[in-house]
Each structure stands twice: as C-alpha cells, then as structure tokens.
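K.L.:
Each chain is listed here by its residues.
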Amino acid sequence: MTPLLQVEGLEIRYHTREGTLTALRNVDFDINPGEIVGVVGESGCGKSTVASSVLRLLPPNGQISAGRILFKGEDLCRLDDEGMRRLRGKEISMIFQDPLTSLNPVFTLEDQMLAAQMAHLPRRDGSDRKALRARAVQMLDRVGIPDAAQRITSYPHQLSGGMRQRVMIAMALLSHPALLVADEPTSALDVTLEAQIVDLLRGLRDELGTAILYITHDLGVVAQLCDRVLVMYAGNVVESGDVCAIFERPKHPYTRALLRSHPAQSMGAERLTTIPGRVPGLKDLPPGCLFAPRCDQARRMCHAVAPVPTQVGGQMVLCNAYRPGWEGAGDDIAPRPEFTEMLLPATSDTRPAGDEVIVEVRDLRTHFRDPIALLSQILGRKAGAVRAVDGVDIAIRRGETVALVGESGSGKTTLGRTLLRLEDSTAGEIVLEGQAITHLPQSQVRPMRARMQMIFQDPTSSLNPRMKVGALLLEPFQIHGVPVEGRAKVEELLSMVGLSSEQADKYPHQLSGGQARRVGIARALALHPDILVADEPTAGLDVSVAAGILNLLKDLREKLNLTYILITHNLNIVSFIADRVAVMYLGKVVELAGTRDLFAAPKHPYTEALMSAIPVPNPRLRDVRKRIVLQGEIPSPRTPPPGCPFHPRCRYVQDRCTRDAPPLCSLNRGERLVACHFPERAGNGA
Amino acid sequence: MQFTSQPANRLQRILNRIPVLGDVLRRPLGALGFLIVLGFLLMVVLAPLLAPYDYARQDTSRLLEGPSHDHLLGTDHIGRDLLSRIIYGSRIALGTAIPSVAIALVGGVLLGLLAGYFGGAADDVIVVILDSVKAFPAVILALAILALLGPSLINEILVIGLAWIPGYARVTRAQVMSARHDLYVEAERSLGATNSRIVLRHILPNILAALLILAAMDLPVVITFEAGLSFLGLGVRPPTPSWGVILSEGFNFIRQSPWPITWAGITLLLTTLGFTLFGETLRDVLDPRLSGTGGMS
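Sequence order for the protein chains is G and P. Counting from 1 along the first sequence, just add 16 to a position and that's the residue number in the numbering used here. Counting from 1 along the second sequence, just add 37 to a position and that's the residue number in the numbering used here.
Bear in mind the hints are in silico, worked out from the structure with no lab data behind them. Warning: the hint list may mix true and false statements.
[To be verified] Now the in silico label distances, taken between C-beta atoms and shown as ranges:
(1) G:504 to P:172: 36 to 46 Å
(2) G:79 to P:211: 36 to 46 Å
(3) P:214 to G:394: 20 to 30 Å
(4) P:214 to G:134: 33 to 43 Å
(5) P:172 to G:517: 29 to 39 Å
(6) G:79 to P:166: 49 to 59 Å
[As the list claims (entries may be wrong)] What the simulated footprint calls covered on chain G by chain P, stretch by stretch (three residues with Cβ under 8 Å from a Cβ of chain P suffice, anywhere in the stretch; the number is not a length):
(7) 489-500
(8) 601-607
We treat Cβ as the ideally placed atom computed from N, Cα and C, and that holds for glycine.
Please build the complete structure, drawing on both the sequences and the hints.
P.N.:
Written as structure tokens, this is what we have:
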C-alpha cells in the first residue's frame with residue numbers, strides 16, 4: 017500500500033528576534049489511507065508544528081527549511097498558495113483545539129457549511145444550494161447532532177462546547193477528505209464528551225476510510241484511538257511504532273517516563289513518578305542527545321553525541337542506548353532532581369482520619385438568578401435561575417481529602433466557591449468548625465479567609481501579571497496585617513513548594529504552567545489555612561508536571577495536616593489523592609463513597625459511566641473493556657429534568673425514575689450514600 | 038566587547054540605573070518622543086530667553102513675510118514675529134492641555150472605577166450623568182459654562198477637563214468591568230483583600246496603560262480645542278499668543294501667506310508625535326509582559 021502522506025526529513029525553522037530557531041528536526045513518518053496516527057509529547061515538543069506544517073499553515077516567520085511532505089505523491093512544499101488552498105478543506109482538513117473560537121460567531125452553521133463546500137466548487141452556482149444543504153444536514157446527523165435539519169440554522173453560541181466540536185468535525189469531513197488533522201480536539205472537553213468524540217472519529221474512519229493525524233498530550237486517548245504513535249521530544253521524533261508495541265514495549269527512556277508518570281499507572285501508589293526538569297527551550301538546546309539532561313539512563317556519551325534513528329524491534333528509536341558501543345559509553349549520569357525533597361517521608365497508607373467535622377454544609381443551594389428588567393418584575397414575570405448547586409449535604413472531616421467530581425455544569429466549582437463564601441448561597445447552611453458562616457457579612461468573613469484558601473483553575477491568570485512572584489507571595493501577610501520578614505518568608509514559601517529562590521524576581525508570564533501552579537499553592541498556604549479548595553489543580557499541565565503537583569499536594573497534606581476539597585473531572589487523579597469522592601450531577605451529590613469502594617464498584621449509573629469513560633493507557637483494552645458512552649450532554653441547570661435528574665441519560669431508566677427524585681440514601685448500612693432507586697443495577701451490567 | 042563601543046556601554050549602564058525612564062530611553066522611538074516632549078517643556082520654561090522678539094511687538098512694515106534672516110519663521114498679518122509667538126504659545130498650549138487632561142484623567146478614572154467595580158445603582162447613576170455630559174457637543178458645553186463663569190484661563194481648564202471626563206470614565210469602566218472578573222482579582226478576594234485594596238493595588242495598575250495612551254493622544258486634541266475656544270473669544274485674549282490663535286488667524290490670510298498655519302501646524306504635529314511616542318513606549322515599559330524581559334514560550 018502506498019502511503020497517503022509521506023513526511024521525509026522535515027525541518028522547520030522560525031525566524032525570531034533571537035535568531036533562527038529550529039522547531040522540528042529530521043521528522044520522518046508515513047500515514048497510510050485509513051490509518052490513525054497519534055503524535056504525543058509534552059508541550060513545547062513540536063506536536064502542533066507538525067500538524068500545521070502538513071497544511072502549510074505555519075506562522076509567517078516559520079519556514080520549511082528542509083525535507084519533503086508528499087501527499088498522494090505530490091510535494092506540498094513545492095505547491096503554490098493557490099494549489100495549497102485547493103487542497104485544504106478538500107483533501108486535507110483540520111480540526112482545532114478550541115471549538116469555541118474556531119467557528120465564526122456571526123454566521124449560522126448553514127452559512128459556514130455551505131461556504132466551506134462552495135470554496136471547492138468549480139463555479140459559484142446557486143442552483144444546487146439545496147443539495148449542498150442536504151449534504152451538510154446529513155453530515156451533522158452523522159456526527160451525532162440531534163435535529164440536524166433544525167440545528168443547522170443556529171448560530172455557534174447557541175450550541176454547547178461538545179456540539180461545536182462535532183460541528184467542526186462535520187465541517188472538516190464535508191468534502192470527504194483523505195486526511196484529517198486533529199490538533200488536541202478533545203482537550204477542552206469533559207471525559208464523557210471526549211469518549212463520544214473518540215468513538216465518533218473511529219467510526220468515521222471505519223466508515224469513510226479517512227486517515228487521521230491526531231495530536232494530543234493524553235496517552236489514554238492515544239491508546240483508545242490510534243493505530244500508530246509518534247513520540248516527540250524537543251522537535252525530534254524519538255520513537256515511533258505500532259500503538260501496542262509503544263505501550264507494551266516502549267524503547268525510548270522518554271516514552272517510558274511518559275507512560276510511568278500517567279496517574280492510571282500508579283493507582284494507590286505513594287507517589288507518582290515524574291520526569292525531572294522540563295522540555296528545553298529552542299534557544300538553549302543541550303549538546304548531544306536532547307533528552308539526556310532529563311534521562312534516568314543517560315551516560316557520559318549521551319551528553320556529547322547526538323543519537324541516530326535506529327530500528328529496534330518494530331520501532332524506530334532515537335536513542336544512543338541502541339547504538340553499538342553503548343556498553344563503553346561511560347558511567348550513568350543521574351539527572352538533577354526537579355526539586356529538593358525536603359518534605360517529610362510519606363506516612364503509612366491509612367492516615368489518621370479524625371472524627372472532628374471541620375466544615376459542613378446542609379441543604380446548600382446556590383442559584384444564579386437571571387437579570388430581569390424592573391418593568392417585567394412589576395408585571396409579575398419571574399426571573400429564571402441557574403440552579404448551580406441544588407441541595408447538597410456533606411460533612412468534611414479534618415485532615416481528609418474529598419474530591420468533587422462531575423462533568424462541566426455539574427456545579428462542583430460553584431459548590432467549592434460557595435463553601436468559601438466567594439459566592440452567596442440561596443438557601444442552606446455552611447458551618448465552619450461549629451460556627452454558622454452562611455450569613456456573616458463579608459467584613460467578618462474576610463479575616464476568616466486566612467483559614468480557608470483556594471487554588472484556582474488557571475494558574476497563570478490567577479496571579480496579577482504586574483507583580484513579581486515575591487510580592488505576590490507577601491500579599492496574604494499584608495492583607496491580614498501579619499508582620500513578616502519579607503525576603504526570608506518568600507524563600508521559605510518557595511522552597512516549601514519546591515521552587516528555587518530566584519523565581520521570586522520573575523513575573524507570572526515568565527513562569528511555566530507548573531511553576532505558576534506551585535506559586536499559587538504557596539500563596540494559598542502562606543497563612544497556614546486549615547482547608548484548601550483546589551479547583552482542577554492539574555488542568556492544562558503535562559502529565560509529568562501534573563504528577564509533580566499531585567506529589568506536592570500529597571506531601572503538603574501530610575506535613576501541614578490540611579483538609580482538601582478537590583474539584584476535578586479527572587478521575588485518574590482522584591484515585592491517587594482522595595479519601596472520599598462526591599460525584600455531582602446537576603447541582604446534586606449523586607454518590608458519596610470512599611475512594612477505594614467507589615473505584616471497586618460504582619453504585620450510581622452516572623458514576624459507572626464516568627469511570628468507564630476514563631481513557632486508560634492500554635491499547636489492548638479498547639476493544640475488550642465495556643465502555644458506557646453517555647448519550648447527549650448534561651442538561652441545562654436552568655431547567656433540570658423532573659424526577660431523577662440523570663434519568664434522560666441513564667441506561668437503566670425505569671418509569672419511576674421519571675417521576676420521583678431519589679434521595680441520597682445510605683446503602684446497606686455503611687457510610688456509602690447513593691441517590692438512585694436501583695443502586696444494585698450499576699456494575700452488574702443488568 | 039569591542040573597544041570602540043565603550044561609550045555606548047557607559048550610556049547603557051547609566052540608563053540601566055534609571056528605573057522607568059531609562060527603559061523608555063533605551064528604545065529609539067521612546068527616546069525620540071521623550072526628546073520632543075522635553076524640548077517643548079524647555080520652551081515653556083525658557084520662553085523669554087529663546088524668543089528673539091516680544092510676542093506682541095508689531096512691525097507694520099513687514100506683514101505676512103516668509104522666513105528671513107530677521108524673522109526665522111516669518112511674520113503674521115500684523116507683523117509679529119512667528120517664532121516668538123510659537124515659543125510663547127507653548128505656554129498656553131501645554132499650560133491648558135496638561136492640567137485639563139490631568140483633571141479629566143483623575144475624575145474619569147475615579148468615576149469609572151466606582152461604576153465599573155461596584156456596578157448596580159452606582160453604575161446606573163454615573164452612566165446617566167456621563168451620558169448627559171457627553172450629549173452636549175464640547176463646544177456648546179464650554180460656551181454655556183464659560184458664559185456663566187466668565188472667560189479666564191482657569192475656567193477654560195476646568196471646562197475642558199469636565200468635557201473630557203466621560204471619555205476616560207467610559208474607558209476605565211469598561212476595563213474595570215472586564216478586570217473585575219479576572220482570576221487574579223478573584224484570587225485576591227479569596228485571600229481576604231478589601232475592595233479598596235483590590236481596586237487600587239491590583240486593578241488600577243493593570244488598566245492604567247490604556248488610559249496613559251488615551252491621555253497622550255488627547256493632548257493635541259485638547260490643544261486644538263483650546264484654539265477653537267480662543268478663536269471664539271472664550272480663551273486667551275489677544276495679543277497673548279496660543280498655537281490655536283496663530284492657526285485661526287493665519288487661516289484668514291492663507292491666500293497671502295501659508296507660513297503662519299504651516300508653522301503652527303508643524304508644531305502641533307510634533308507635539309502629538311512626541312506625546313504619543315512617549316506614551317506608547319511608557320505603556321510597553323510598564324507592562325512586564327511586553328518589556329522583553331521574558332523568555333520565548
């Protein structure tokens with residue numbers, strides 16, 4: 017079979033103020049018709065550059081300086097702009113990471129989908145609009161948009177994020193392209209939606225024979241979807257081969273390290289494995305093997321000699337260990353550790369979970385009322401409300417970690433914010449160490465904030481861009497009037513979160529995502545709070561960096577006896593760090609259980625579906641493992657369905673579920689709470 | 038380093054020691070803008086020393102002349118030396134423009150912060166007042182108020198300041214409204230910071246850049262507006278020179294001599310250029326994200 021796309025010796029350079037930087041070096045790979053090839057690696061390894069060079073959509077200062085990109089035997093590097101334009105969207109299509117901004121907000125879907133088709137028609141002829149429209153509707157239908165014929169007249173803002181990503185895929189497939197380039201298409205979506213999209217892409221490949229180049233940082237998705245994998249590091253392909261071979265017999269130390277740092281590999285482990293250091297910037301690449309400074313098997317030779325691609329087994333590997341003469345390559349040179357392990361050794365698995373309740377909420381509700389004009393109010397119209405949190409009872413004990421999980425829109429973040437009085441509750445009660453704080457005025461809450469802190473979802477934007485790290489870390493002391501010796505305190509805080517003291521003079525934009533996250537944690541812990549609410553602490557971070565953050569959170573919990581409320585949609589990290597899990601759906605807790613029990617046997621159908629949607633980094637399991645792909649999306653919390661809120665998506669739904677809302681009840685006798693009429697069904701496949 | 042580049046190094050070292058201005062001067066455009074602004078400020082202070090003649094001295098034998106050895110820039114329609122009038126005119130131009138823009142900036146920022154941060158009723162009231170002021174054309178507003186208070190330099194400054202407040206308040210309000218929802222503001226709130234601390238220490242520094250640019254661009258507009266008021270007899274009285282007066286008088290004699298409006302025009306242009314370049318560089322320098330201290334990412 018002749019490959020559809022052949023990339024040979026590709027080299028990409030960027031011309032910047034700091035000189036010419038080489039972003040890709042000697043990249044070789046093929047894609048056969050109907051094949052799904054995944055590209056993985058940390059941020060900054062050149063994954064997206066590969067994607068945009070295939071469509072020749074590099075930024076103006078980017079240049080293909082060497083190599084060939086053969087598509088159906090034609091060299092794309094030699095094609096003129098018009099020839100390239102003909103190819104884009106017809107033979108090769110692309111879907112982007114952010115479905116929210118990739119659709120034009122001022123046109124309807126119909127306008128955009130017709131325009132996409134007409135761009136490749138020989139003449140602009142209005143007569144076959146009907147046929148084009150029918151095609152568009154058919155494609156929307158194919159990607160799972162309900163009521164496609166009606167939906168096609170809507171504007172992008174009227175659709176949810178998952179729907180918009182489907183529309184993007186439909187648009188990309190309109191012309192039956194031979195190759196689809198997908199740049200992290202699911203990283204902005206929930207696991208349940210991600211599972212839907214992954215299934216959709218595989219189905220489309222089987223049905224239409226479209227080859228897919230899939231860029232992602234998520235090894236789980238790769239294992240679920242791809243046939244072949246390219247592992248990239250600092251602009252090189254360091255390993256490529258069949259997906260099963262890569263996952264089962266990884267040859268390159270980087271591939272092994274990536275796989276090891278995936279949290280699913282260390283369920284119940286004491287610590288996660290991290291890769292020390294970070295991807296080098298293009299400006300200061302190390303000599304010899306680019307991965308050597310972070311490699312746990314690097315020898316003296318690796319720091320001097322660049323490796324050459326070697327065929328090992330079925331894989332192509334770029335590593336000195338496979339070249340002849342490795343035995344005489346000198347001593348092992350251990351990499352420098354990412355941060356000094358100055359924390360206490362981890363204690364035993366069972367942590368002292370006291371019985372003292374530190375914070376408790378009773379029937380808490382937070383509704384966001386729609387703004388409504390005065391006149392309409394007088395005329396008696398009632399404002400609608402988004403019921404973000406709708407009756408939650410939970411008691412959190414000192415020293416434990418409770419995870420709030422659920423899809424976007426389940427109300428988990430609002431619950432965390434309401435607990436901290438960052439949002440006003442509509443009804444219910446919040447009790448902090450025996451004191452009701454629900455209705456305290458902000459002036460009295462303010463001094464209390466020192467005891468309950470939050471770390472925010474986006475690490476960089478939660479730091480004032482105009483203040484240096486040192487000043488940011490002293491903010492809590494100034495706010496609460498605590499006299500403190502500035503420089504020494506800053507250094508103490510920085511070293512607590514494993515950062516060096518020179519970071520104090522940096523601005524937030526100069527930090528990497530992981531460093532900014534650490535600064536956020538240091539600031540939150542500056543005044544020794546009792547409770548820390550962590551909102552998606554690993555969102556947007558590479559696996560190895562995320563693993564470092566999780567290790568840090570775990571260490572700090574032991575050391576400072578912290579109580580964590582962890583808000584996340586990532587069940588992998590829950591299994592590593594949480595003691596108990598509260599699964600939320602449409603503002604309600606539907607299941608509350610100890611982490612081990614929950615993972616061993618989920619009792620609520622929603623929990624069951626969430627767990628089965630986790631992409632497991634094992635390609636063998638993808639056909640074996642029974643996956644429950646939730647249909648549709650979480651309903652609007654403005655108009656929750658009657659009865660059990662989950663019934664429209666539940667696979668065990670009975671008549672009773674559409675009428676009565678099940679209360680959160682104790683299962684059998686124990687601590688485990690489930691809000692389901694038929695909790696015995698889930699897990700039994702009945 | 039090469040031997041020949043030593044003086045440049047010394048200059049670099051001196052610039053490194055001056056906190057903000059040094060950074061401005063290190064950029065060619067910023068240095069140019071600063072030099073122009075500095076030149077005009079010197080002109081204001083040293084006018085009596087720089088001007089070759091008294092600005093009111095008439096030489097009726099030489100009307101509307103072009104540049105010559107006696108009169109470097111020529112003369113106006115009653116034989117006054119244009120160079121002297123432009124030099125003295127800088128006192129009126131900058132002496133009204135800078136204070137009035139300052140009034141507009143301070144007043145507008147205060148109102149904008151209140152309206153944007155607290156929202157609700159305060160916002161509604163402030164927006165209605167701003168819109169009412171803005172609804173009058175600036176000239177009509179100035180006419181009405183100056184007719185009431187009587188024309189004087191102080192009143193003129195106050196009136197221009199008032200007329201320019203809504204613009205600054207609007208920009209501030211919009212910026213605050215978006216900054217209020219930024220995550221770093223939320224983070225400060227969760228640390229227990231008071232509203233005044235959040236507004237003054239966190240939001241204001243982040244929105245000041247846009248306002249500085251607005252102010253730099255408004256200065257020349259205000260200078261011409263002052264000219265308009267003077268033309269209507271509400272600003273400075275003859276024979277006191279202002280660039281606006283030179284422009285408007287010169288306009289009547291444009292067929293006889295293009296020189297008065299040419300020189301006044303060039304002066305205005307240079308002022309605009311100077312303040313804009315200076316303002317824009319200042320913005321870049323004050324924003325750590327743009328100041329080039331970061332790495333490539």
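K.L.:
Against the range 49 to 59 Å, how does the distance between the Cβ atoms of residue 79 (chain G) and residue 166 (chain P) compare: consistent or not?
P.N.:
56 Å, holds
K.L.:
Taking the beta carbons of residue 504 (chain G) and residue 172 (chain P), is their distance inside 36 to 46 Å?
P.N.:
58 Å, violated
K.L.:
Measuring from beta carbon to beta carbon, are residue 172 (chain P) and residue 517 (chain G) in 29 to 39 Å?
P.N.:
57 Å, violated
K.L.:
Given that the segment 601-607 of chain G was listed as covered by chain P, double-check it with a C-beta distance under 8 Å for 3 or more residues.
P.N.:
violated (count 0)
K.L.:
Do three or more residues of the segment 489-500 of chain G come closer than 8 Å to chain P, measuring C-beta to C-beta?
P.N.:
holds (count 4)
K.L.:
Could you see if the CB distance from residue 214 (chain P) to residue 394 (chain G) stays within 20 to 30 Å?
P.N.:
The hinted range 20 to 30 Å holds for residue 214 (chain P) and residue 394 (chain G), with Cβ atoms some 27 Å apart.
K.L.:
Assuming the hint says 36 to 46 Å, is it satisfied by the Cβ distance from residue 79 (chain G) to residue 211 (chain P) or not?
P.N.:
40 Å, holds
K.L.:
For the hint 33 to 43 Å, verify it against the beta carbon of residue 214 (chain P) and that of residue 134 (chain G).
P.N.:
With a Cβ separation near 40 Å, residue 214 (chain P) and residue 134 (chain G) satisfy 33 to 43 Å, so the hint holds.
Of the hints listed earlier, those the structure fails to meet are numbers 1, 5 and 8, in rising order.
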